[in-house]
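Participant: Given the coordinates of chain A, assemble chain B onto it according to the supplied hints.
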Amino acid sequence: DSGVTQTPKHLITATGQRVTLRCSPRSGDLSVYWYQQSLDQGLQFLIQYYNGEERAKGNILERFSAQQFPDLHSELNLSSLELGDSALYFCASSGVGTSSYNEQFFGPGTRLTVL
Amino acid sequence: TQLLEQSPQFLSIQEGENLTVYCNSSSVFSSLQWYRQEPGEGPVLLVTVVTGGEVKKLKRLTFQFGDARKDSSLHITAAQPGDTGLYLCAGVNAGKSTFGDGTTLTVKP
Numbered sequence: 001d002s003g004v005t006q007t008p009k010h011l012i013t014a015t016g017q018r019v020t021l022r023c024s025p026r027s028g029d030l031s032v033y034w035y036q037q038s039l040d041q042g043l044q045f046l047i048q049y050y051n052g053e054e055r056a057k058g059n060i061l062e063r064f065s066a067q068q069f070p071d072l073h074s075e076l077n078l079s080s081l082e083l084g085d086s087a088l089y090f091c092a093s094s095g096v097g098t099s100s101y102n103e104q105f106f107g108p109g110t111r112l113t114v115l
Numbered sequence: 001t002q003l004l005e006q007s008p009q010f011l012s013i014q015e016g017e018n019l020t021v022y023c024n025s026s027s028v029f030s031s032l033q034w035y036r037q038e039p040g041e042g043p044v045l046l047v048t049v050v051t052g053g054e055v056k057k058l059k060r061l062t063f064q065f066g067d068a069r070k071d072s073s074l075h076i077t078a079a080q081p082g083d084t085g086l087y088l089c090a091g092v093n094a095g096k097s098t099f100g101d102g103t104t105l106t107v108k109p
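Chain order of the listed sequences is A and B. In terms of my numbering, the first sequence is residues 1 to 115. In terms of my numbering, the second sequence is residues 1 to 109.
One chain only, chain A, in its complex shape:
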């Protein structure tokens, strides 16, 4: 158990809909990362937050947005969903945003299926 929790574990929805994925980082971790992993592919970095502020952006679509709240939990919002958005979405957290080691601890993921 990494200490990172994600809800829901599974999500099935239809094209055009909007969903929200939730992540709670390990206790004390200030950084939260979101990744997308499609079938048989590596991790695609979406976005990073550090202590409530956006720190880095990856290949995140304009239809997607995220935020980190004062209690450090984070939400990833996916809108106007398309079939190609079906994937595993992982959240990870790390201890210190400026650490050169940047060791990340991943949650169990949310499997999103868009029908």
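What the hints contain is simulated information worked out from the structure, not anything from laboratory work. Being a predicted model, the structure only gives us computed values, none of them experimental. Ideal Cβ placement from N, Cα and C applies to all residues, glycine included. Please note that the accuracy of each hint is not assured.
Some chain A residues close to chain B (C-beta under 8 angstroms, calculated; not the full set) [unchecked claim]:
no.: 1; residue: 2
no.: 2; residue: 45
no.: 3; residue: 56
no.: 4; residue: 103
no.: 5; residue: 104
no.: 6; residue: 109
Facilitator: Frame of chain A, contents of chain B only:
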């Protein structure tokens, strides 16, 4: 853009065999991590290497960081079915991580 190339992409071996997977880049990293991911689960951190030429051992797994801190290797001795999974390397610079696409390892009993 810092890219990490992992090879081979897929590897299927018999239980008891040895194997090495590679992680290469043209960029220098301040540190590098290896993660293992089992199907349907999140990646789990195995090791962080920091110093050029550093070698770390974790039971049957041996990790090496290249002298120039641009590449790394993971060697598994006497592989077991429990080693099956996706092995990801991640290079770190200025607090930012770049992940490779991974090596999918299958160890057959």
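Participant: Give a verdict on every hint.
Facilitator: Structure-based check of each hint:
| no. | hint | result |
| --- | --- | --- |
| 1 | 2 | holds (7 angstroms) |
| 2 | 45 | holds (7 angstroms) |
| 3 | 56 | holds (6 angstroms) |
| 4 | 103 | holds (6 angstroms) |
| 5 | 104 | holds (7 angstroms) |
| 6 | 109 | holds (5 angstroms) |
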